[in-house]
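Chains A and B, in that order, give the protein sequences. For the working numbering, add 179 to where a residue sits in the first sequence, where the first one is 1. For the working numbering, add 92 to where a residue sits in the second sequence, where the first one is 1.
Calculated directly from the structure, the hints in this document are not laboratory data. Every residue, glycine too, gets a C-beta built ideally from N, C-alpha and C. Worth double-checking, as some hints may not be accurate.
Said to hold, decoys possible - Part of the chain B face toward chain A, derived, beta carbon under 8 angstroms: (1) R126; (2) S128; (3) L181; (4) A183; (5) T193; (6) Y206; (7) Y207; (8) Y291; (9) A394.
Said to hold, decoys possible - Footprint (simulated), chain B over chain A, 3 or more residues, beta carbon under 8 angstroms: (10) 233-239; (11) 269-281.
What the hints assert, rightly or not - Subject to a maximum C-alpha distance of 25 angstroms in a straight line, what follows is the list of computed DMTMM-like cross-link-like pairs (lysine to aspartate or glutamate): (12) B:K238 to A:D403; (13) A:K278 to B:E176; (14) B:K238 to B:D161; (15) B:K238 to B:D192; (16) A:K384 to B:D264; (17) B:K238 to B:D250; (18) A:K278 to B:E215; (19) A:K278 to B:E368; (20) B:K238 to B:E226; (21) B:K238 to B:E201; (22) A:K384 to A:D403; (23) A:K278 to B:D250; (24) A:K278 to A:D436; (25) B:K238 to B:E198; (26) A:K278 to B:E293; (27) A:K278 to B:E258; (28) B:K238 to B:D264; (29) A:K384 to B:E226; (30) B:K238 to B:E258; (31) B:K238 to B:E215; (32) A:K278 to B:D192; (33) A:K278 to B:E166; (34) B:K238 to B:E274; (35) A:K278 to B:E226.
Here are the chains, one letter per residue:
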Amino acid sequence: MNTLALSETPSLPGGWRLRAVLREIQYEFIRLARNRVYALSVLGLPVLFYAVFGLGQHDRQAALYLIVGYSCMGLGSACLFGIGLSIAFERAQGWLELKWASPMPRLGYLAAKLVASAVFALLVLGLLIALGHWAAGVTMTFGQTAHLALILLVGSVPFTALGLVIALVVPPNAGAGLINLVYLPLCLFSGFWIPVAQLPHWMQKIAPVLPTYHLAELALAVFDFAPRQGALTHWLVLGGFSALMFAAAWITFLLSDTRSP
Amino acid sequence: MRPAVRSNSPAHPAPLAALRSVSKRFGAHLALDRFSLELTAGQITALLGPNGAGKSTAVRVLLGLTRPDSGRAEVLGRNPRSSEARTSLGAMLQVARAPDTLSVREHVELFRSYYPRPVPTAELLMRTGLTALEHQRFGTLSGGQKQRVLLALALSGDPAVICLDEPTVGLDPQSRRQLWNEIRALAAAGKAVLLTTHYLEEADALAHRVVLLDRGRTVRSGTPAEIRHSVAAGRIRCRTRLDLSVLRALPTVTAVEADRDGVILFAHDPQQVLRELLPLDASVSELEVSAASLEDAILALAPAA
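Extracted from the complex, chain A is given alone in its bound form:
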């Protein structure tokens, strides 16, 4: 068997790229699910918080509020750790390069992480709803659940963008600590845990600057915890933030190709 002349190169069977991306998604999810630290913290923390703070509420509205808030928190940690930290590590370990040397579409690599993290975010939502319903009698209509799930799914985009910047900028060993250091205060200031109106005055002033605040407002509006009229502003902020982060990530990535082998 010798060489192939160009004219003899057989055409490739269709659909192999899609198959590759689907497999990538499948195994990315399996990989995350088997990672105990990830699974326990992304799924476990919101559930634990809810068990402690949510179930004791006499006010069913408060118990409902916390489902929304903690599912936002679950979304954020699912994406920041599942996408951001994961890419940071795989880049440092040379694993990302090996995947990129393969024919798998490179966007597929990112898409798989995004979908796998989003599935975890939905799992958090499901667990919180189940817990709330079973232990605190909280109910929501199917339409409200679907609406909230949709907002969370779209909300994964700005978190993905932020995760990418983290992956490119933060050294992986410091990553987990740094993400927690930034993310947990972000959750607090954005109203995930306590309504912003009940936070100290100076914290209330900061909130509108944070993209996570805007995400929370959109999610809370599903249950009329926040006004619906402001929706457009919130989407614009999230969209602008995402665009900014994606651009920063892209530029950083291009620069890194010219700086060191």
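Here the structure of chain A is known, so what remains is to put chain B in place on it, guided by the hints.
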């Protein structure tokens, strides 16, 4: 001007992959300087050179991971920046860690899915000796076993061109020999293999062709024997009371080095050197004559910066 289409005659088979006059700069550092390389079917090409010579940059350009500043890379005639071109490429890179929680079989299945015409899983596992380990999680494997998994991933798409970047680092001698056999089998099956290694013994044992790279340029290329002989055919080690300058002046001597209590002479014709040396110094002792190694040649041609 070279023709765009190459003839397919046995004497000059068209290369399966090539770097054509590739230059790449990182900041102030010129990693590759109009570097060209051809990989032909059935041949193992070893890319050697000191650290910073540009070997990994060359590999990365060939794999489409880095875009060259000028020149181009070709895999089966196509630019490796396209995923279609990479269906003909397999790579075994230096990976510190792969996902620990996936099993060997799962890793192989995943990489197989990246290619339109993958090798059957059972065959891949058998060829790399992993059948007994297929359900074990990657994190529980030994170093040699992990390398075998990485090799299986490189072979999973039945690629025509395979790049191996330091494939035997950290392996025990038995695993290293096994891997050498597998690499030879790849070439025998008609694949084009590019190998980078620091183990010159490995390049000597495996390579049909050696390309010596220094500061982004080809210093020498040829078969291992050609490179060895271009520097010196043999080395003589002995203890002698003769001065280094006298030794250097002996016929066909290319280099002289002090070595502990003796000297090492590199020469194109060791026998002629001996005929001159022995009459000059009757007290010569601990005489050792051997063929110059590839390492000696490389060190003479491209001393570390």
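The hints, checked one at a time:
1. R126: 17 angstroms, violated
2. S128: Constraint on S128 (chain B) not satisfied, violated at 18 angstroms.
3. L181: Holds. Min distance 7 angstroms.
4. A183: 4 angstroms, holds
5. T193: 4 angstroms, holds
6. Y206: Y206 (chain B) check passes; min Cβ-Cβ to chain A is 4 angstroms, inside 8 angstroms.
7. Y207: This interface hint holds because 6 angstroms falls under the 8 angstroms limit.
8. Y291: With a closest approach of 20 angstroms, the Y291 (chain B) hint is violated.
9. A394: At about 18 angstroms, which exceeds the 8 angstroms cut-off, the nearest Cβ of chain A leaves the hint on A394 (chain B) violated.
10. 233-239: n = 0 at 8 angstroms, threshold three: violated.
11. 269-281: holds (count 9)
12. B:K238 to A:D403: The given pair, whose Cα atoms are some 54 angstroms apart, is violated under the 25 angstroms limit.
13. A:K278 to B:E176: Between K278 (chain A) and E176 (chain B) the Cα gap is close to 14 angstroms, so the pair holds against 25 angstroms.
14. B:K238 to B:D161: This hinted pair is violated, its Cα atoms lying about 35 angstroms apart.
15. B:K238 to B:D192: 10 angstroms, holds
16. A:K384 to B:D264: With a Cα-Cα distance of about 63 angstroms, the restraint between K384 (chain A) and D264 (chain B) is violated, given a limit of 25 angstroms.
17. B:K238 to B:D250: 20 angstroms, holds
18. A:K278 to B:E215: 22 angstroms, holds
19. A:K278 to B:E368: Answer violated: K278 (chain A) to E368 (chain B) is near 60 angstroms, above 25 angstroms.
20. B:K238 to B:E226: Judged against 25 angstroms, a Cα distance of about 12 angstroms means the pair holds.
21. B:K238 to B:E201: 16 angstroms, holds
22. A:K384 to A:D403: 22 angstroms, holds
23. A:K278 to B:D250: 16 angstroms, holds
24. A:K278 to A:D436: 17 angstroms, holds
25. B:K238 to B:E198: 14 angstroms, holds
26. A:K278 to B:E293: 30 angstroms, violated
27. A:K278 to B:E258: Answer holds: K278 (chain A) to E258 (chain B) is near 18 angstroms, not above 25 angstroms.
28. B:K238 to B:D264: 13 angstroms, holds
29. A:K384 to B:E226: 57 angstroms, violated
30. B:K238 to B:E258: Holds, at about 14 angstroms.
31. B:K238 to B:E215: At roughly 18 angstroms apart (the allowed maximum being 25 angstroms), E215 (chain B) and K238 (chain B) satisfy the hint.
32. A:K278 to B:D192: 16 angstroms, holds
33. A:K278 to B:E166: Holds. K278 (chain A) to E166 (chain B) sits at ~19 angstroms (cutoff 25 angstroms).
34. B:K238 to B:E274: 15 angstroms, holds
35. A:K278 to B:E226: 21 angstroms, holds
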